[in-house]
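Asks: Chain residues, written in single-letter form:
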Amino acid sequence: MAAPTAPRPGRAIAVITIAVVALYAWMFISGNTTPKLGLDLRGGTSLTLQPVVPEGSDTVITDDAVNQAVEIIRARVDGQGVAEASVTKQGSGANSTIVVEVPGQNEQDLFDKIGKTAKLGFRPVLRSGPPTVVVPTPTPTATPTPSGSASPSVGSTPSPSTTASSTVSPSSTGNPRPATGLKAATASPTVSPTPTPTPTPTPSASSTSVIPSTPITAADQKAFDNLDCTKPIPPEQRPADLPAKTMVTCSSTGAEKFILGPELIPGSDITGASAGLLTSSQGVTTGEWVVNLTFNGDATTKFRDVTRQMFAQTNGSDANRFAIVLDAQVISAPTVNGVISDGRPQISGNFTQQSANDLGNQLKYGALPLAFVPNNLQTISPTLGSDQLRAGILAGLLGLLLVVFYSLFYYRGLGLVSVASLALAGLLTYGLLVLLGHTMGYTLSLAGIAGAIVSIGITADSFVVLFERIRDEMRDGRTLRVAVETGWKRAQRTILAADAVSLIAAVALYLLAVGGVQGFAFTLGLTTLIDVAVVFLFTKPLLTKLARTKFYGNGHKWSGVSPDRLGIHRPTPSARATARKGEPGSNSAAKEA
Amino acid sequence: MSRLGDLGQKLYRGEVSYDFVGQRKRWYTISAAILVICVASLLLRGLNLGVDFEGGNVVTLPTATGTVADAREVALAAGAKDVTVTEVTSTSGRSIRVQTEILPREGALALTDGLVKKFNVSPGDVNVSIVSAAWGSQITKKALTGLAVFLLLIALFLTLYFERRMAIGALVALAHDLVITIGVYSLVGFTVTPATVIGFLTILGYSLYDTVVVFDKVRENTRGLAAGNRMTYSQAANLAVNQTLVRSINTSVIALLPVASILFVAPLLGADTLKDLALALFVGIAAGTYSSIFIATPVACQLKEREPAMQALAKRVAAREASGKAPSAAGAAGGTARTRSTAATATAVLDDPVVPEAAAAAEGAAGGPQAQRQQSGRPGGPGSGKKRPAKKKRR
Numbered sequence: 003m004a005a006p007t008a009p010r011p012g013r014a015i016a017v018i019t020i021a022v023v024a025l026y027a028w029m030f031i032s033g034n035t036t037p038k039l040g041l042d043l044r045g046g047t048s049l050t051l052q053p054v055v056p057e058g059s060d061t062v063i064t065d066d067a068v069n070q071a072v073e074i075i076r077a078r079v080d081g082q083g084v085a086e087a088s089v090t091k092q093g094s095g096a097n098s099t100i101v102v103e104v105p106g107q108n109e110q111d112l113f114d115k116i117g118k119t120a121k122l123g124f125r126p127v128l129r130s131g132p133p134t135v136v137v138p139t140p141t142p143t144a145t146p147t148p149s150g151s152a153s154p155s156v157g158s159t160p161s162p163s164t165t166a167s168s169t170v171s172p173s174s175t176g177n178p179r180p181a182t183g184l185k186a187a188t189a190s191p192t193v194s195p196t197p198t199p200t201p202t203p204t205p206s207a208s209s210t211s212v213i214p215s216t217p218i219t220a221a222d223q224k225a226f227d228n229l230d231c232t233k234p235i236p237p238e239q240r241p242a243d244l245p246a247k248t249m250v251t252c253s254s255t256g257a258e259k260f261i262l263g264p265e266l267i268p269g270s271d272i273t274g275a276s277a278g279l280l281t282s283s284q285g286v287t288t289g290e291w292v293v294n295l296t297f298n299g300d301a302t303t304k305f306r307d308v309t310r311q312m313f314a315q316t317n318g319s320d321a322n323r324f325a326i327v328l329d330a331q332v333i334s335a336p337t338v339n340g341v342i343s344d345g346r347p348q349i350s351g352n353f354t355q356q357s358a359n360d361l362g363n364q365l366k367y368g369a370l371p372l373a374f375v376p377n378n379l380q381t382i383s384p385t386l387g388s389d390q391l392r393a394g395i396l397a398g399l400l401g402l403l404l405v406v407f408y409s410l411f412y413y414r415g416l417g418l419v420s421v422a423s424l425a426l427a428g429l430l431t432y433g434l435l436v437l438l439g440h441t442m443g444y445t446l447s448l449a450g451i452a453g454a455i456v457s458i459g460i461t462a463d464s465f466v467v468l469f470e471r472i473r474d475e476m477r478d479g480r481t482l483r484v485a486v487e488t489g490w491k492r493a494q495r496t497i498l499a500a501d502a503v504s505l506i507a508a509v510a511l512y513l514l515a516v517g518g519v520q521g522f523a524f525t526l527g528l529t530t531l532i533d534v535a536v537v538f539l540f541t542k543p544l545l546t547k548l549a550r551t552k553f554y555g556n557g558h559k560w561s562g563v564s565p566d567r568l569g570i571h572r573p574t575p576s577a578r579a580t581a582r583k584g585e586p587g588s589n590s591a592a593k594e595a
Numbered sequence: 016m017s018r019l020g021d022l023g024q025k026l027y028r029g030e031v032s033y034d035f036v037g038q039r040k041r042w043y044t045i046s047a048a049i050l051v052i053c054v055a056s057l058l059l060r061g062l063n064l065g066v067d068f069e070g071g072n073v074v075t076l077p078t079a080t081g082t083v084a085d086a087r088e089v090a091l092a093a094g095a096k097d098v099t100v101t102e103v104t105s106t107s108g109r110s111i112r113v114q115t116e117i118l119p120r121e122g123a124l125a126l127t128d129g130l131v132k133k134f135n136v137s138p139g140d141v142n143v144s145i146v147s148a149a150w151g152s153q154i155t156k157k158a159l160t161g162l163a164v165f166l167l168l169i170a171l172f173l174t175l176y177f178e179r180r181m182a183i184g185a186l187v188a189l190a191h192d193l194v195i196t197i198g199v200y201s202l203v204g205f206t207v208t209p210a211t212v213i214g215f216l217t218i219l220g221y222s223l224y225d226t227v228v229v230f231d232k233v234r235e236n237t238r239g240l241a242a243g244n245r246m247t248y249s250q251a252a253n254l255a256v257n258q259t260l261v262r263s264i265n266t267s268v269i270a271l272l273p274v275a276s277i278l279f280v281a282p283l284l285g286a287d288t289l290k291d292l293a294l295a296l297f298v299g300i301a302a303g304t305y306s307s308i309f310i311a312t313p314v315a316c317q318l319k320e321r322e323p324a325m326q327a328l329a330k331r332v333a334a335r336e337a338s339g340k341a342p343s344a345a346g347a348a349g350g351t352a353r354t355r356s357t358a359a360t361a362t363a364v365l366d367d368p369v370v371p372e373a374a375a376a377a378e379g380a381a382g383g384p385q386a387q388r389q390q391s392g393r394p395g396g397p398g399s400g401k402k403r404p405a406k407k408k409r410r
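Protein chains in written order, with the numbering used here: chain A, 3 to 595; chain B, 16 to 410.
In short, the hints are calculated from the structure, not lab data. There's no promise every hint is true.
In silico DSBU-like cross-links for lysine-lysine, where the CA-CA straight-line distance does not exceed 35 Å [as the list claims (entries may be wrong)]: (1) A:Lys118 to B:Lys133; (2) B:Lys132 to A:Lys118; (3) B:Lys133 to A:Lys233; (4) A:Lys233 to B:Lys132; (5) A:Lys559 to B:Lys25; (6) A:Lys233 to B:Lys96; (7) A:Lys547 to B:Lys25; (8) B:Lys156 to A:Lys118; (9) A:Lys118 to A:Lys366; (10) A:Lys233 to B:Lys157; (11) A:Lys547 to A:Lys559; (12) B:Lys40 to B:Lys25; (13) A:Lys91 to B:Lys157; (14) B:Lys157 to A:Lys38; (15) B:Lys25 to B:Lys319; (16) A:Lys38 to B:Lys132; (17) A:Lys233 to B:Lys156; (18) B:Lys156 to A:Lys38.
Okay, chain A solo, but in the shape it has when bound:
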């Protein structure tokens, strides 16, 4: 490899010079003269989201699902009107996390805006109750049942039996409203003609309908009794929201708990969602915020049937309510006051303008395929950011200065070569960071700056290895011109091997990123490659050129390669003379060996 560079050192230097010039020309023409700074250097908020699998669910965290989540979160962030936000995936598979970075500082509720799963679904209410744990007595569960069994008895009246007494007063209904009873009678004529007025809990007189009849299992009942909704339940502890199964969960306000039937309509059937103010039936706008939904065709039909059936039930009873489940919690469980046939329901329930907007956004951009929990939230003020940047730059410059000083002190003239090479490496590093920042979106973080500072040492070491080799060759009696070539021959392998280790470290760290490690690993890897380029295309060719000059070639006392500095205590010419004299002897010695 040294062979082509040896005779034409000028060409290599020209190549790297042109590369640097081109890089800087691009920078100034495009106007991008500074690297893109990471959040820790300019201030902002960063949120790390960790995917979680809810208990009892067999969801697998796949790269695909995480990538999809990244897309949805990005859409949500953009929906917030945040400029210059970044959403990136780190790691892979079950170990992946999503990092969201936004410029603002007042973003402690960032997760609420963008990190909610927003898995929405409509389910029938099978049973509801107060949020507290139900203590042993099994009796209270009996209370809701009479109302359930009462209405079917109403429905059964038109058919054969003549006993009027069974039709009317179902004892438990406190205020018998004849209107409802009548409506039910007319609305569901299809009721089974079974004359037996069974008091058994068969709540679904209209079992042929769109709401599948679901008996409450003992297990569900037990879970329901033991559920305590008085404290907020974090997402990862909520039950799995499996569409085909029943679900026992709390309301998001903690005011009620529910046993819910299988999902009637999934959130994916929603085609539009927006926040708006509730308008009353008279067309007057109230102050209450709601989320307006739009269903697709299928869901519109289904929702009409569901509401029709529920409307038929006793007003206020469980069978008259459906639940809107968001992230495995009931955000609203309205009673049905009429048949909704246009497929445009409203969700109401203690919304503020902000929360209505957020929910609308979440629903509009789709549900996340995975649940996430916030893992780490950092808000850094611009003051701290610029302080850190200043510290990084100052430390880097000071470090560079110290290295330059030491190089010149120890290597004298050779030190100049080292300084020039370091300067070139520095220029290249800066230029490439700018280029990558504006083409690949690489952002320079504090850890990245640290990586660059550390690499000053590793880059300078390549020169040290080369210089020491050359000096060793000279100690063996070679002239500088020869020593540069033979020393390089050996040094280049050492440099390449050592840089390979450095590069392996950088790549391994980059791929298995830990927090800020990625930035660090990136600059470390980049500077290692730059080091190789500079040594091969600049330092070595420059030495070849300089060895031909008088100053270096004749071993000037300040050149760093004078016999005195090498510890060779004799004038160079005489050494060469003796070298010629001793030739035969050494040959025989070599044979001996």
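Place chain B on chain A using the hints.
Replies: Structure of chain B alone, referenced to chain A:
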């Protein structure tokens, strides 16, 4: 400084030779003692883990007048129980740092809002860090995975590039450096942060980088060694370490200078991330340089000397030494440094007192244009394996 040049010359020639390999028991003992202290400290004192590993809320905000007591009051009012308030002063002013256990969402907001109101600062000047308990274990897990993958790759690379025994030597030295660095953290009680973990991982790279440079010379010196009877593997390796000693010193100084500048600058400006990183690097680089010389090479030699070929070589060398001018040789070299190493064994002193000239004469044979061509054809072959013994013989 010219004295270091002199030393470099003498080390290179083997006139001055420090017995790094032969005295390995001494270095092992020193390292073992340090390692025992480090491990004991790790077991007894443990590490001082930062908020990123334990989980918690941290709010830092600039205030010229706010008191620690006020900040504590606000934190307690927000529902925090475990409150630590510290004052941080840097060139950009004074700020207060409030650390609590993990707070529920409302508590976290109340803490920030409360502090903002109490000290009357702009919300944009507040730095907040909320870390879940899972975060730390996740970082640790990832760091360990990274470590495992890295070690595997490196072991593979070193085995291919050098050989298995040298790879083991390098990895032993690496483990040595890591334990010492982490041990120092435990001993001094520095806080371990994610930046520190980056530092630890970087040490992996650096420690091996340094070892590779030394090993490259070892390999060069020992190539074709088994065929002759000039010196044992250990002696050749020891010469290599001596020959790269000046490089090792220079490299360490140069690598430590930027790191030291971070250590010096960062605390002044309040850049804690940099400081944490630099501290780990400083200890690690120092340990890495030490271990390349005192641990990696001796361990590799010890393993290598077990090979039958190397044992046979050692016997031949011993026989040659015993038969010949060994006594005078030992006496001649004893003055400069440890005996029984390359310098001593090879000092078959001729009457010619001008040692460098003789050496130069030897070089003349290989150093001319002709020889150079020959060398570039076969790098490291005859140039390294035979030339040097030849030179020594002349002496």
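Asks: Work down the list of hints and note, for each, if the structure agrees.
Replies: Outcome of the hint check:
1. A:Lys118 to B:Lys133: holds, 32 Å
2. B:Lys132 to A:Lys118: The hint holds at about 29 Å.
3. B:Lys133 to A:Lys233: holds, 29 Å
4. A:Lys233 to B:Lys132: Holds, at roughly 28 Å.
5. A:Lys559 to B:Lys25: holds, 20 Å
6. A:Lys233 to B:Lys96: Holds: A:Lys233 and B:Lys96 sit about 19 Å apart, inside 35 Å.
7. A:Lys547 to B:Lys25: Given that 35 Å is the threshold and the Cα spacing comes to 29 Å, the pair holds.
8. B:Lys156 to A:Lys118: Given pair B:Lys156, A:Lys118 holds - Cα atoms ~26 Å apart, limit 35 Å.
9. A:Lys118 to A:Lys366: holds, 13 Å
10. A:Lys233 to B:Lys157: holds, 33 Å
11. A:Lys547 to A:Lys559: Holds, at about 19 Å.
12. B:Lys40 to B:Lys25: Roughly 25 Å between the alpha carbons, so the hint for B:Lys40 and B:Lys25 holds.
13. A:Lys91 to B:Lys157: holds, 15 Å
14. B:Lys157 to A:Lys38: holds, 27 Å
15. B:Lys25 to B:Lys319: With Cα atoms ~27 Å apart, B:Lys25 and B:Lys319 stay inside 35 Å; holds.
16. A:Lys38 to B:Lys132: With Cα atoms ~33 Å apart, A:Lys38 and B:Lys132 stay inside 35 Å; holds.
17. A:Lys233 to B:Lys156: Given that 35 Å is the threshold and the Cα spacing comes to 32 Å, the pair holds.
18. B:Lys156 to A:Lys38: holds, 30 Å
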